[in-house]
Amino acid sequence: MTPETLFYIIIAIILIDFVIDKILDTLNAKHFDDPIPNELEDVYDNDEYEKSQRYKKERFRFGMISSTFSVLLTLGFIIFDGFAFVDNIARNFSDNSTVVALIFFGIIMLGSDILMTPFSWYSTFVIEEKYGFNKTTKKTFILDKLKGLLMGAIIGGGILALIVWFYQFAGDDFWWYAWILVAVFSVFMNMFYAKLIVPLFNKQTPLNDGSLRTKIEQYARSVGFKLDNIFVIDGSKRSTKANAYFSGFGSEKRITLYDTLINDLEEEEIVAVLAHEVGHYKKNHIIVNLVVSLVTTGFTLWLLSLFVGNPVLSETLGVSEPSFHIGLVAFGILYSPISEITGLIMNYISRKFEYQADNFAKSTYDGSFLISSLKKLSKNTLSNLTPHKAYIFVHYSHPSLLQRYRNLKAGI
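Residues in the sequence shown are numbered consecutively from 1, following the UniProt record's numbering.
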């Protein structure tokens, strides 16, 4: 295949992906005004419903503008040999392949972040602020950006440097070493993310003794779930939106509650939410997701090893000297249709797991409290209660509120 043919294939992939995504967004937006299902009529009162409608429509318009800018930026960068330009800059600093790759991706990532920051700023300080969600200060926003860039440079740069090094000494067999590296890193992050990364951005404190902790511990004992680590995170530092999550394995497993969740829900509703999270653990969803993710990563790396050294990939992006980092960029775009398919499969599995976790909470605690908590959380985030089925299928990792309600109501 000639570089010219591959160039047009890359352009076509980007455009087709964008068009499909916008069609789905538009289909979903057309259902914003659908009548609210009878089962969910108590989620919003009239004023709240009107507010949720305005929020959804503003989010839709903003998404259309920001995504259009992003795809035009990408196309322009490819068409006008932007990758070749950045590659030349990187090669002016060093002849070492690893250093060149680090500088190349560093420039790309930093440039992309700078160009997209105005959209992130507008989203946070205009849209989220207007609807009462934003609690982020400008100082926190800037610090988060700087911390994110620093972490990306240290962790992402370190992993990239090792993978390039593997490629230099192992050639096409580099993918085995890269796979092992990613696997070890993924397991490590699953174990220690809450201890090492979260404190860089948020304050975590053990849940105080009291009726809520007692109810949580009583429930955990009733289902044979050893739980010593229950933490509260200051999510209200950035947003009024609530969440809870489970992390770690063995002695490192912990439940983390957003302080906004504690403020928004009754204690029984919080226990029901945690029962759902315990369900994920009891049903081995965390392990399954990790294994599936690692298998997918292994397949991707193996496929990458077959093509990354092909000079046609570099020539397609206007770079005369073949290199791992240019091959990686071209491969990433060409692989995106496969990535979309694996994403659909993962979302489907994830939705099945959510039903299973809901059923676990219903059978071991109380489904009605989980229903009321889901309704409150949807109300407080101005969620879309009438999403299009195609949009759910492609984008949702969780079933819609209506789907979860009907599942939980079955048998109650």
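Derived by calculation from the structure, the hints in this document are not laboratory data.
Any given hint could be a false lead.
[Stated by the list, open to error] When the alpha-carbon atoms are kept at most 25 Å apart in a straight line, the in silico DSS-like pairs for lysine-lysine are as follows:
{"id": "1", "residue 1": "Lys237", "residue 2": "Lys145"}
{"id": "2", "residue 1": "Lys283", "residue 2": "Lys203"}
{"id": "3", "residue 1": "Lys375", "residue 2": "Lys409"}
{"id": "4", "residue 1": "Lys130", "residue 2": "Lys51"}
[Claimed, not checked] Cβ pair distances, simulated, as ranges:
{"id": "5", "residue 1": "Trp165", "residue 2": "Ala390", "range": "40 to 46 Å"}
{"id": "6", "residue 1": "Glu50", "residue 2": "Asp81", "range": "47 to 53 Å"}
{"id": "7", "residue 1": "Phe125", "residue 2": "Met151", "range": "35 to 41 Å"}
{"id": "8", "residue 1": "Phe80", "residue 2": "Glu321", "range": "49 to 55 Å"}
{"id": "9", "residue 1": "Ile197", "residue 2": "Leu294", "range": "34 to 40 Å"}
{"id": "10", "residue 1": "Ile197", "residue 2": "Pro337", "range": "28 to 34 Å"}
{"id": "11", "residue 1": "Asp113", "residue 2": "Lys282", "range": "38 to 44 Å"}
Think of the CB as a built atom: it goes at the ideal place given N, C-alpha and C, for glycine as much as any other residue.
How the hints compare with the structure:
Of the supplied pair hints, the one linking lysine 237 and lysine 145 holds, its CA atoms being roughly 15 Å apart against a limit of 25 Å. Under the criterion of a C-alpha separation no larger than 25 Å, the hint pairing lysine 283 with lysine 203 is inconsistent with the structure, at around 30 Å. For the hint pairing lysine 375 with lysine 409, the CA-to-CA distance comes to about 13 Å; that is within 25 Å, so the pair holds. The suggested pairing of lysine 130 with lysine 51 holds, with an alpha-carbon distance near 10 Å, which does not exceed 25 Å.
Between tryptophan 165 and alanine 390 the CB atoms are about 44 Å apart, so this pair conforms to the stated range of 40 to 46 Å. Taking 47 to 53 Å as the suggested C-beta distance range, the pair glutamate 50 and aspartate 81 conforms, at roughly 49 Å. Separation of phenylalanine 125 from methionine 151 is about 23 Å and departs from the stated range, judged on CB atoms against 35 to 41 Å. Separation of phenylalanine 80 from glutamate 321 is about 19 Å and departs from the stated range, judged on CB atoms against 49 to 55 Å.
One distance hint, 34 to 40 Å for the beta-carbon pair isoleucine 197 and leucine 294, is violated here, with the actual separation near 20 Å. Against the hinted window of 28 to 34 Å, the Cβ-Cβ separation of isoleucine 197 and proline 337 comes to about 32 Å, which satisfies the hint. Between aspartate 113 and lysine 282 the C-beta distance comes to about 39 Å, which sits within the given range of 38 to 44 Å.
Taken one by one, the earlier hints fail for this structure at numbers 2, 7, 8 and 9, listed in ascending order.
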